[in-house]
Amino acid sequence: MIANASGQTARPFAPPAAPTTRSVGLDVLRVTAILGVVAIHVFGGIVSNPAVRGSGSWWAAAAADIGNIWVIPVFVMVSGALLLGPRAHAAGPRAFYRKRLLRLGPAFVAWQVFYIVVVQQWLSHRNLSLTDVLQQIADGKTYTHLYFLYLIVGLYLVAPVLAAFLAGGGAGRAYIFAGAVLASTLLVYVIANLSSLNGAPRPIVLNALTQWVPYVGYFLVGWALRDVRLSWRWATLATIVTLALLAETVWQFANSGRHVLLNAVSPVGYLGFIVAAASIGVFVVGQSVFASVRASGRFGRVIAELSDASFGVFLVHFFFIVLLATLFPWAADLRDTNFFAAAAFWLCVVVASFALSLGARRVPVLRRFF
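Residue numbering for the sequence shown is 1 to 370, as defined by full-length UniProt numbering.
Accuracy of the hints is not assured; some may be wrong.
Cβ pair distances, simulated, as ranges [as the list claims (entries may be wrong)]:
#1 48 to 205: 16 to 26 angstroms
#2 169 to 48: 36 to 46 angstroms
#3 129 to 260: 30 to 40 angstroms
#4 204 to 51: 25 to 35 angstroms
#5 291 to 131: 48 to 58 angstroms
#6 293 to 347: 20 to 30 angstroms
#7 256 to 144: 20 to 30 angstroms
#8 105 to 131: 18 to 28 angstroms
#9 348 to 158: 33 to 43 angstroms
#10 197 to 144: 25 to 35 angstroms
Everything labelled a hint here was simulated from the structure, so no lab data went into it.
Glycine included, each C-beta is placed from N, C-alpha and C at the ideal position.
Turn these sequences into a full structure, and let the hints steer you where they fit.
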């Protein structure tokens, strides 16, 4: 999510100024993942509605919501595959920061102001004080999805250090380092969960300066597994296993009150062991299935354009969710009770978001914000 398929961009989902080669697999993963992000934020209304829990609509929505729990880990893995290589750091840390952080700056600032003023105060009629706004900024949560901007910046900051350690170490170093960091991170959350079960809560609270920390493992895994390509036989097996893990995650979420220990050891979240395994499966399968597809072909070109627009879709989609709910409250009510209504709502948000992002990217000034 943080870099494009050539590994030279400054913004998540966005292309470099002069692309060389692209990975169709990474582009497909990014487009699929952004569709999953919108699905999570749309179908979550049904999943959190106790009035329809257990119904057919609820189960379908749970599959669309919880079944897409891999999206953020995969976005981070795609970024690691592209930002931790020698090419991205050939000119040194200063050039790396200048090229990426400065280009991300306009979007980082503008969209937070937009969601605070337009979405929260104007559309949602929230009376935010200056203290409220400052607290949101300190938490790195100026809106539901914008924590990811802080996550991006943090990973950018540590990327040169990680890349320097990985350089010249070969696949072995990458595998060991990525596995150790990801496993230790997941264990930190397991210990916190088990402590809570033992009556000694040890909550882990992230803020604007630490949103990125739990995702370094995924960042490294993306680089370690960047060149893994499975044969069709193994890709098929990996797909079956991945789908089974995602199905288990949906089942576990639906029965969370009955399996307290399982939820503590492998929580249904981005930092649970089962979710991590499923996310790695999606990443590897996606890379393997599209390994033979040429980026210069028609499919590759279309996917590349959609992939480049995905950053804008990520940023703007929540605005359309709130706007549609404000203009058509009856549609929002249906969205939170009926799966097919939610699917139609999701489609409207996806189309509107991609249309705006694709259009804005063709305007020299606006493209800096998309």
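Now the hints, each set against the structure:
no. : hint                           : verdict
1   : 48 to 205: 16 to 26 angstroms  : holds, 22 angstroms
2   : 169 to 48: 36 to 46 angstroms  : holds, 45 angstroms
3   : 129 to 260: 30 to 40 angstroms : holds, 38 angstroms
4   : 204 to 51: 25 to 35 angstroms  : holds, 32 angstroms
5   : 291 to 131: 48 to 58 angstroms : holds, 52 angstroms
6   : 293 to 347: 20 to 30 angstroms : holds, 26 angstroms
7   : 256 to 144: 20 to 30 angstroms : holds, 21 angstroms
8   : 105 to 131: 18 to 28 angstroms : holds, 25 angstroms
9   : 348 to 158: 33 to 43 angstroms : holds, 38 angstroms
10  : 197 to 144: 25 to 35 angstroms : holds, 28 angstroms
The structure shown violates none of the earlier numbered hints.
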